[in-house]
Structure formats: structure tokens, C-alpha cells
Amino acid sequence: MVEIDPTELEIAELGPKITDVDDADELREMLAREEDGEDRAPVTTLIEDRIETVEGDDGEADPESVDLSELTVADIANMVRDIDDIDVLEDLLEREKAGEDRKTAKSQIESRMESVEGSDDEDGDGPEYVPPEEKHPDLDHPTADKQWVEGTQDGDYRDMWVYCETQHGELIDVSREMLGKGRELMDDYNDQYDESEDLVAVLIGDDVADLAEEVIAFGADKVLYHEDDRLDRFRHNPYTEIMTHMARAGGQLAPEGYEDVDWKAYDEPRYTVFPATNNGRDLSALVQGELDSGLASDCSGLYIENAMISNPAKTGVPGDSKEFERILHMKRPDFSGFEYSTILCIDKPFRDFHPQGASVIPGSFEVPEPDDEREGEVVEHDMDLDDEWFAVDVVDYDTLDSGVDLTGHDVVVAMGRGIGRSPTEGIELGLELVEAFDDAAFGLSRGVITSSYSFDGHVEQYIGEDRQIGESGQVVEPDVYIAAGISGAIQHKVGMDESDTIIAVNTDPDADIRDFSDYYIQGDLFEVLPRLTRAVEEGDLAAAVAGASDD
Amino acid sequence: MTDDYEHYEAVVVGAGPGGAAAAATLARNDIETLVLERGTDAGSKNVSGGLVYAEESSPYTIDDLFPDFREEATDRAVSEHYIHNVAGRSVKTFDLHDLHHHDTEWADAVLRRKMDSWLARRVHEMTRETGGGLLTEVRVNGLLREGGEIVGVTCDEVDPIRADVIIGADGVNSELARDAGLMDWEEPEEWFQGVKAVVDMPEGAIEERFGVDEGEGVAHLFSGDLFEGARGGGFLYTNDQSLSVGTVFHLDSIAEERHEPQELLDNLLTHPLLADWVGDEYTELEYSAKLVPDSKKVAHPSPHRDRLLLVGDAAGQMQAQGPIIKGMNHAVTAGALAAEAFVDAKSRGDTDKAGQHYESKLETEGVMDKLRPTRYATLGKLGELGPVDSLSDALVDSPVGRLGVGLLGDSLERLYNSPFLVGMLPDTKLGYVTLPTVIAEELGEPVAGENTVEPPELDDRIGDLTYDIDEGNPHIELRDNSFTASGTAVTACPVSAKDFGGGCYRDEYVTANGGEEHVVSLDTQPCVECGTCAVVADTDWTHPRGGKGVEYKQG
Numbered sequence: 004m005v006e007i008d009p010t011e012l013e014i015a016e017l018g019p020k021i022t023d024v025d026d027a028d029e030l031r032e033m034l035a036r037e038e039d040g041e042d043r044a045p046v047t048t049l050i051e052d053r054i055e056t057v058e059g060d061d062g063e064a065d066p067e068s069v070d071l072s073e074l075t076v077a078d079i080a081n082m083v084r085d086i087d088d089i090d091v092l093e094d095l096l097e098r099e100k101a102g103e104d105r106k107t108a109k110s111q112i113e114s115r116m117e118s119v120e121g122s123d124d125e126d127g128d129g130p131e132y133v134p135p136e137e138k139h140p141d142l143d144h145p146t147a148d149k150q151w152v153e154g155t156q157d158g159d160y161r162d163m164w165v166y167c168e169t170q171h172g173e174l175i176d177v178s179r180e181m182l183g184k185g186r187e188l189m190d191d192y193n194d195q196y197d198e199s200e201d202l203v204a205v206l207i208g209d210d211v212a213d214l215a216e217e218v219i220a221f222g223a224d225k226v227l228y229h230e231d232d233r234l235d236r237f238r239h240n241p242y243t244e245i246m247t248h249m250a251r252a253g254g255q256l257a258p259e260g261y262e263d264v265d266w267k268a269y270d271e272p273r274y275t276v277f278p279a280t281n282n283g284r285d286l287s288a289l290v291q292g293e294l295d296s297g298l299a300s301d302c303s304g305l306y307i308e309n310a311m312i313s314n315p316a317k318t319g320v321p322g323d324s325k326e327f328e329r330i331l332h333m334k335r336p337d338f339s340g341f342e343y344s345t346i347l348c349i350d351k352p353f354r355d356f357h358p359q360g361a362s363v364i365p366g367s368f369e370v371p372e373p374d375d376e377r378e379g380e381v382v383e384h385d386m387d388l389d390d391e392w393f394a395v396d397v398v399d400y401d402t403l404d405s406g407v408d409l410t411g412h413d414v415v416v417a418m419g420r421g422i423g424r425s426p427t428e429g430i431e432l433g434l435e436l437v438e439a440f441d442d443a444a445f446g447l448s449r450g451v452i453t454s455s456y457s458f459d460g461h462v463e464q465y466i467g468e469d470r471q472i473g474e475s476g477q478v479v480e481p482d483v484y485i486a487a488g489i490s491g492a493i494q495h496k497v498g499m500d501e502s503d504t505i506i507a508v509n510t511d512p513d514a515d516i517r518d519f520s521d522y523y524i525q526g527d528l529f530e531v532l533p534r535l536t537r538a539v540e541e542g543d544l545a546a547a548v549a550g551a552s553d554d
Numbered sequence: 099m100t101d102d103y104e105h106y107e108a109v110v111v112g113a114g115p116g117g118a119a120a121a122a123t124l125a126r127n128d129i130e131t132l133v134l135e136r137g138t139d140a141g142s143k144n145v146s147g148g149l150v151y152a153e154e155s156s157p158y159t160i161d162d163l164f165p166d167f168r169e170e171a172t173d174r175a176v177s178e179h180y181i182h183n184v185a186g187r188s189v190k191t192f193d194l195h196d197l198h199h200h201d202t203e204w205a206d207a208v209l210r211r212k213m214d215s216w217l218a219r220r221v222h223e224m225t226r227e228t229g230g231g232l233l234t235e236v237r238v239n240g241l242l243r244e245g246g247e248i249v250g251v252t253c254d255e256v257d258p259i260r261a262d263v264i265i266g267a268d269g270v271n272s273e274l275a276r277d278a279g280l281m282d283w284e285e286p287e288e289w290f291q292g293v294k295a296v297v298d299m300p301e302g303a304i305e306e307r308f309g310v311d312e313g314e315g316v317a318h319l320f321s322g323d324l325f326e327g328a329r330g331g332g333f334l335y336t337n338d339q340s341l342s343v344g345t346v347f348h349l350d351s352i353a354e355e356r357h358e359p360q361e362l363l364d365n366l367l368t369h370p371l372l373a374d375w376v377g378d379e380y381t382e383l384e385y386s387a388k389l390v391p392d393s394k395k396v397a398h399p400s401p402h403r404d405r406l407l408l409v410g411d412a413a414g415q416m417q418a419q420g421p422i423i424k425g426m427n428h429a430v431t432a433g434a435l436a437a438e439a440f441v442d443a444k445s446r447g448d449t450d451k452a453g454q455h456y457e458s459k460l461e462t463e464g465v466m467d468k469l470r471p472t473r474y475a476t477l478g479k480l481g482e483l484g485p486v487d488s489l490s491d492a493l494v495d496s497p498v499g500r501l502g503v504g505l506l507g508d509s510l511e512r513l514y515n516s517p518f519l520v521g522m523l524p525d526t527k528l529g530y531v532t533l534p535t536v537i538a539e540e541l542g543e544p545v546a547g548e549n550t551v552e553p554p555e556l557d558d559r560i561g562d563l564t565y566d567i568d569e570g571n572p573h574i575e576l577r578d579n580s581f582t583a584s585g586t587a588v589t590a591c592p593v594s595a596k597d598f599g600g601g602c603y604r605d606e607y608v609t610a611n612g613g614e615e616h617v618v619s620l621d622t623q624p625c626v627e628c629g630t631c632a633v634v635a636d637t638d639w640t641h642p643r644g645g646k647g648v649e650y651k652q653g
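In the order they appear, the protein sequences are chains Y and W.
First residue of the first sequence: 4, per the numbering used here; consecutive thereafter.
First residue of the second sequence: 99, per the numbering used here; consecutive thereafter.
Among the hints, erroneous ones may be present.
[To be verified] Heads up, incomplete: computed chain W residues facing chain Y, CB under 10 Å, no partners named:
{"id": "1", "residue": "Glu461"}
{"id": "2", "residue": "Thr462"}
{"id": "3", "residue": "Gly561"}
{"id": "4", "residue": "Tyr565"}
{"id": "5", "residue": "Val608"}
{"id": "6", "residue": "Ala610"}
[As the list claims (entries may be wrong)] Under the rule of at most 20 Å between Cα atoms (straight-line distance), these lysine to any residue pairs were calculated in the SDA-like manner:
{"id": "7", "chain 1": "Y", "residue 1": "Lys496", "chain 2": "W", "residue 2": "Thr622"}
{"id": "8", "chain 1": "Y", "residue 1": "Lys496", "chain 2": "W", "residue 2": "Thr564"}
{"id": "9", "chain 1": "Y", "residue 1": "Lys351", "chain 2": "Y", "residue 2": "Arg161"}
{"id": "10", "chain 1": "W", "residue 1": "Lys651", "chain 2": "Y", "residue 2": "Ile493"}
{"id": "11", "chain 1": "W", "residue 1": "Lys212", "chain 2": "W", "residue 2": "Arg243"}
{"id": "12", "chain 1": "Y", "residue 1": "Lys496", "chain 2": "W", "residue 2": "Glu569"}
{"id": "13", "chain 1": "W", "residue 1": "Lys596", "chain 2": "Y", "residue 2": "Asp511"}
Hints were generated in silico from the structure; no laboratory data involved.
Even glycine gets a Cβ: it sits at the ideal position worked out from N, Cα and C.
Let the hints inform the model, and build the full structure from the sequences given.
Dropping the structure here:
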């Protein structure tokens, strides 16, 4: 008879109740009932777990007399953990060999013997290498046929390599940021470890040689570049092949014909840093995978220091901590963004994890000041690119609308809520003034963009957040900034007050903008702007403004 | 599968004094407690006039719950309390000593950023021990329900969280209270709106100008004719190195008469009475605003539903009766009682009863009677009925009434000091404007000082605030942009004004369908999240996401 009939209960109810049942027979009966009834998998698991717990409590097996064939390997593992007597362990091993002779059981006993006795290796070579296929014969080894899955061992690593991504033949900002950070890291590194390792910039593309000087100015000691017309757009196959090829040249895994190169004499880079852009994430994962190392993706902080590690998978010796030198610490925000994790990529016995690789979130580091005096070595990398790598071709592409760029113009004409009386006409007048200049852009204050003004269709396209100037919009510093009907609140001011000459048109003589304008024209923009437009067309804006200004 | 959601025994929403008191009491009782705060730091979203009380009759005070509170988190201990009846330059001052000290263990001036962030650090330490903790920059945006029952909260930043009890301490604009249907934003007469300027003081100036010792402070209240007839008053409290100067008015008064709250504040700041206190060098550190519930009308008699228990402003627990202005102490008591109620319910094996226990504790511990005095319900409301009010208004202002005021003279001071009478005052012009004005005219002396203060314009006040704008995600949306529906916000919003283009609400005329329409447009960038427009305009009102929006440095 059982007190609790599992078939009458939900699993949530059963969970707390079952912990009160200590009788294994009763539990078995409950199990039988459930199996006869709905036979719900979570319920049977729950009951079975409980049976195991209850029986486990039923006295510890005496290792000197226990019948090993009745124990699972897990039971044996638990049992041997408490045995410190080497003779008992030897006896157990003999009995297992004579009985079931389970390999896993034997290894459990042996490893305990090893811990008790200390390592057999008098000369302290550490553990013996067992290839994974032998160590885990029960698993399939999908990576066994990967050419370099064992990667490097006790390799020689040097330098920090930075993959410098380009777009339309220009370095993107994150490339500069990584070079700046890399320079800083390697300067400290060379100081701390008394080395002279380099910061190496990698450039791949159809027309990248010209960027070598800029890359050096931002901090690289050496530039490795590969040019080919077919590399005009990022395609991960050839890009990966090239970068991997570069990384292996001159080392123990060097491709044929590249065993000796004059620009590199080590196995693989010590560190690699990639941008965490769309293409950079793609490339970083592939390259690090090919090089049989790890990758900390989307990092926001990097530093190099020694690390004390106690994980036996890394040290090879359980229980001991070991100091690993020159470890790149890669800090990344975790999923919630509340915390940071620091990722370390550390060699383990019989398998090196180099290069220690990271991808870096754009904007994490400062863009350094370029030093045009810096000198560096430029190396053109040369290899044959297999046509098959280009089997995937880019047949079409589109440029995403990046909005309106108000920066980099000689003149910016910006309109504020002074247009409220007749918004469409106000915009027209502003656009006419823009037209009159050779190189002017048209901007708006936030007040116009967030208004409920109704604009006629032909000017509507000019009303949008992409034209906003100010704290939450664009920051401009043209030669001439014309602010029409803008009062000049601080949020607007920070977007334009670096302009060389500021001309304000406003009906309100107390408007803040007067305080930071070079010329203030008191008047209605609907009257003043047409006159300014005429003056520009006639080529005497300066005179017109100076004449009209009160300041 | 909702079973996958993280579960805590208690989730406290909001790390103000109510939430902190609840969390501390829960943690003391080993309840696993998670506290969620939407600000970038506790206190960064909070504003108060600035006096926190410890009442002798209260079962909990904040320094009981947080030892060292007064040393670490408050400014000056307020020992003197005055009310000034003002008519033009004429001022009659009453000492509110007896009222102030009635049932008062202590009263300290506070700035909320300093106070709340200190509390939050203690709360984090305490709740961490229980397996929880305090997370900032997480905005709870609603209630998690299962089968119609409230079982947890949903957030902008993290997955829904289940809990056995949810303490809604999310302030006057509580989204939880509204989600649960316990509070609304319908009637302007149920709310006050306060605006405040924190004014910098040079070292030693407070001691010299107010005649107090270091660490000691003063509270001044102001009523009379200096607020253009708006029903409400002003206050000035001394902090360590600054003054909190503010005004609080019935929101319906602000709304109906189209007052500009920032201008009413300026009326106080520039009054000659303040000249000597504020001095010649006026530096405004921060401009802020908040709604205040009128507990007489909205303190919820049964502030709970399912597993949700509301405390503090979220439950309307803010006592403002004439010169008595107490909110934070009631929030603390309610928070601790709510926690206690859950602990009781848990030990009796039925956590679903926490709400009922909480409700009866509010009654038996006397909190409800302070918040909704029965004498107001019978007498005060009578005075608010039109004819009675205008009759007494006219009476006081009549020669006979004036004679009465003159004869009563300083014995009026005694009447002002009666908590019983003050609790009965109707919310009419009589108490706020007419009587104080007549008192000042009949009994007052002219003040001599010349006030040279030039308070900053609204655009500079906004410009000096710190914001983290959530571009592209405005947290308030206008449901009806016609001026008829939402135009009141242009004046009533403390960061908007008529003819000011840099505020939240701007009135505009647009041509549509051949005619001209009077509309309002909304830009939430300058929003200080006070909630005024939720009441006076037709909006979908929410708080910004965690960490976004305004960040008060003083509070």
C-alpha cells in the first residue's frame, strides 16, 4: 500500500511530497503505478531519482568486500573518492580486472591511485598524451579529419595581429581604434616582458596597399597586405584562406613553399584582434577555427597580464595552481549587459590555444591621434588564390540609406520654430538660401521635427530626424552657420557652436542664440531670408549681414 | 513555458523609501528579495519637497530600519517651523512649533539622490544575503498574469519574473497600480503638483542667514496672495549646503486657471521676504517637479490585488493637509507593514493572504486614519461644496470677517497649530489664499528686503538637467492632439509654457482640410516624468526604459 498515489497528482505537487518517502519498496510500488497509468516521463524520473537517493543512503558499500559487478561506474567513482589506502585501491583494481573489467571503472580507480600516490612520473613531465580518439572511443570525432585539429604544440608565438577592415578603400573607425589599443598593449607588453614584439596590421582587399602608411601612423610596426581584384568585397572563404596562410607562414605548420619567409619566423601570432562588425565576426570565427584556437567575441576591454590558473584541464596537474604568462584578458559584456565576463584563452597540455583571439565592439576604444612620422615595415603577401574560393560571387548589392550627412559643408542653413506661421513657406525659403550657396546643407532644430506642422508634399522630404542638429542629432561646424527662427537652447547650441561664423535671424531680441552668434539680425525670417538669398546670389552676403546685424 | 521564468519570493519594484523599507524588512526575515529600480541609480528619478519625519506613533521609522540613516543620508535636522501669511509686502508669520513637534520624533531635510542611493546600497547588501539583490536600470512595465491572477512582473530589460509577493513601490505614477486597476490618472482634483528649485548656498550662509547652528535647520511655509490665486503654497527647507525652495498646488487649480507652475515658483523666489535668505548670488542647482497624491481623496483603502501590494505614493499614501506635508514616513511605514504582512502570511502557510494582512495592518496601526482623516470626510468636504465655500470665502473677506481676524490676532496661531483643525481644512481658496491674505493684511508687517533674484528661464532650467534620451522611443504618446483635449498640458506641464518652443508641449496652429486647427505637439526630450500630462492631457503615459530619461543629481 502506498500513501501517495502518483497517478492522482501533478508533478508540481508530487515533487515536494515525494521527499517525505524514505522507503524504497514503497517508491517502487509508486513507480509501478505510474508506469501502469499515464507513465509520465518526468514523474518516473522523479521517482527513480528518489529511489536512488533513498538506497544510496542505505549504508556505504565496504570497498574491501563490495561486489564490484553490482556497482555502476559512477558508484565506483564516488566510492573511490573516499579511499586513501593504496592497497585497498590496488585490490579493487585487481578485482575489477578479474570481474567486469570495465575500462572506465579501471580508469576511475587508477586515477584515484594516482592522486593518492602522486604522479608516477619522477621527472615531472606531467600527464601522458592520449589522443582524443583513444581517450573517448565511445564518441565520434567529427573534427578528427580536420587537417590541423591538433593545431600547434609548444609553438613559438609572437606579435599581436590586428585585422584592419576597410570599406570603399578606407579604413573603418574600429580599425583605427584597434590599432590604437594594440599599440598601447604592445608597448606595455614589451616593457613588462622585456621583449620587442610587433603590432602587425593585416590588410586584405583590392586596393589596400595605399592604406599601409595610415595604418603605420595609427600604431602598426608592420603591415601585411594582400591585394587582388577579386577581393573588392568581403567574401569569407578567400579572406579566411589568406589570413590563415599569413598566420602559418614561416612556422611549423607553414604551407609548402612558405616554410621560410623573411618577414616572419614564428609558428603563429600570439594575439589576434578583429573588429566585431558583421564581416569581422564572420572572419574572426573562421580564422580562429582554422588555427585551432578560441575566440572571445564582442569584447569591450583588453589587457595583458599573467593569470593564476588552477583548472587541471589547463595545468595538467589536479590541485595545483600554475601561473600562465602573457595572457590576453578579454572583457566582454554578458547577455544581460549587467555584468562583464573576462575570457582567457590558455594553452593546455598537448594542445596550444594560440593565437589568443578577440573581436572588439566598435567604439570601445579611442581613435588615436595618427603619427605621420612613424615608420614601419610593409610586406606584400603573395599566394595563389584558388578560383574555387570565389565560387560564391556577389552579383548585386545595395547601399543602405545612411541618411543625410550635414557635416563637411561650407555652410549650414538651419530652421527652427520661427517657421510656425507658415511652415511650408519657411522651409522653401531655407532651401532657396541653401541653393544660392555652392556647398550648403539644410538642417532643422528638434522643435521643428517634433512639431505637428503640416508640410506640403514637395518639402516634406526635408523634414526628418536625419536633418536634426543638436545634442540628439548631428554636430556640425561649418564655416558659416545660419540659424533662422531658432531660439538657441543648450541642446541646439552643442550641435553648432563650434561653427566659425554664426548668423542668427530671430524676431526675439532676448533669444539665447544672440549670446553666441557673431551676427544677429532681428527680424522675421520670412522677410530676412529672401534678402539673404539675393545677397548671396549677388555675391555680397558679408556686406548684407554686416549691414543688417545689430551685434 | 511560464515555469521557466525566474522566481523570487518577493520582488520589490522601486527603490525609494517605501521600497527600501519593504526590502529591508523582507530581508531581515530571510525572504529572498529582488529589488528593481528603473533609475541609473536609486534617487535619480526621485523628487520630494525635502522633509522626512519620524513619527512617535508610527510602528516603524526609517532610522529603525536603517541605523545611521540620519548621519549618512539626511541633511539638517529641522527644529523650527514657520508659516508666513503673505499679502503683497505685508507678512504675518506664525510659529508652527506645536504642530511641527506634535507626534514628531525628528524631522530632517533630505535630498533624494543622496538619501535614496544610500538606502539602496544598504538594501543591496541586505537583500543579497537572501539570494536576491538590487538591480538598477530595469523598468518594470506591467504585471505578469496567469489565468487572470497577478503572479509577477514584466520588464523592459529582462524576462518576466515570478514572485510570491510583489511590492509596488513605483511611485506616484505607478504603472503597476494602473495595470492592476487600483489607481487612475483621471481627476486633477485628486493630485497636487509640486515644483522645486535647489539653490546653492555659500559655506556658512545658512547658519548666518537663518540663525541656526551647524547641522540644524529651518522649515518655512508660505501662503497668501503671492501665487495668483492658485490653491496651494510654498516651502523653503535648509539642506546642508543648499535650500530646497518649492511650490505645491492642487493640480485642478493649475489646470483650470492655466497657471505656469515655474512662474508661480518664481513668484516665491523673487518675493522680498526671501531676499535675505537667498542672497544676491542666485545659483540654481536643479529644477524638478513631481505629482503628489492627495491622500484624503486617493489613499487606497485596500491597496492590494492578488500578490501585488502597493506602498507609498503608488497607493496614494501622501498626507498633505494644510501645513502638514508628510509622505516619505508613511511610505516607510507602509513598506515595512507590507513586508510584515507577507512574513505573517508565509508563516501561516498562505502567502496569498498577504494583501489582506497588509490592509488590516494599515488600519490597526493608524496609518489610514492619518491619510484619510474621518473628520475631513465629514466636515472638510462640506466646505468644498460651492455655496458653502464662497459664503465663507466672502465672509472672511467681509468687514465682519476681517474684524474677526483682527480680534483673534495671535490666537490664530494656536488654531494653525492644531493638527485636528488642520486635518479638517477644506481644499478651497479660503484656507490657501483668502484667509492667509486677510491675516497678512490685518495683522502683518511689511518686509523691507529688496529681492534681486533672477531665476533662470525655463530653457536654461531644462538645459541644466541631465538626460539620457531614448531616441526613437518616446515614452509618452499623445492620443488626442487637439488643443481642446490636451492643450492644458502646455501650461500645466512644468517644462512647457505658452510661446515656448523648447518644452514638451507646444501649441500650434496647422492648416488642415482647408481650415486652421489648434493642436499641440509633444517632444518628450525635456520630460521630467512628473505625470502631470497623464492627468490633464489625453496621453498614453509610461515611464522611459531603464536608465533613460531625466537623471536628477539632487532630487
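Verification of the hints:
1. Glu461: violated (35 Å)
2. Thr462: Status violated, d = 34 Å.
3. Gly561: Hint on Gly561/W: holds, closest Cβ of chain Y at ~3 Å, below 10 Å.
4. Tyr565: holds (8 Å)
5. Val608: With a closest approach of 5 Å, the Val608/W hint holds.
6. Ala610: holds (6 Å)
7. Lys496/Y <-> Thr622/W: Distance of about 19 Å is within 20 Å: holds.
8. Lys496/Y <-> Thr564/W: holds (15 Å)
9. Lys351/Y <-> Arg161/Y: Answer holds: Lys351/Y to Arg161/Y is near 18 Å, not above 20 Å.
10. Lys651/W <-> Ile493/Y: At roughly 18 Å apart (the allowed maximum being 20 Å), Ile493/Y and Lys651/W satisfy the hint.
11. Lys212/W <-> Arg243/W: Distance of about 35 Å is beyond 20 Å: violated.
12. Lys496/Y <-> Glu569/W: Judged against 20 Å, a Cα distance of about 18 Å means the pair holds.
13. Lys596/W <-> Asp511/Y: Holds, at about 15 Å.
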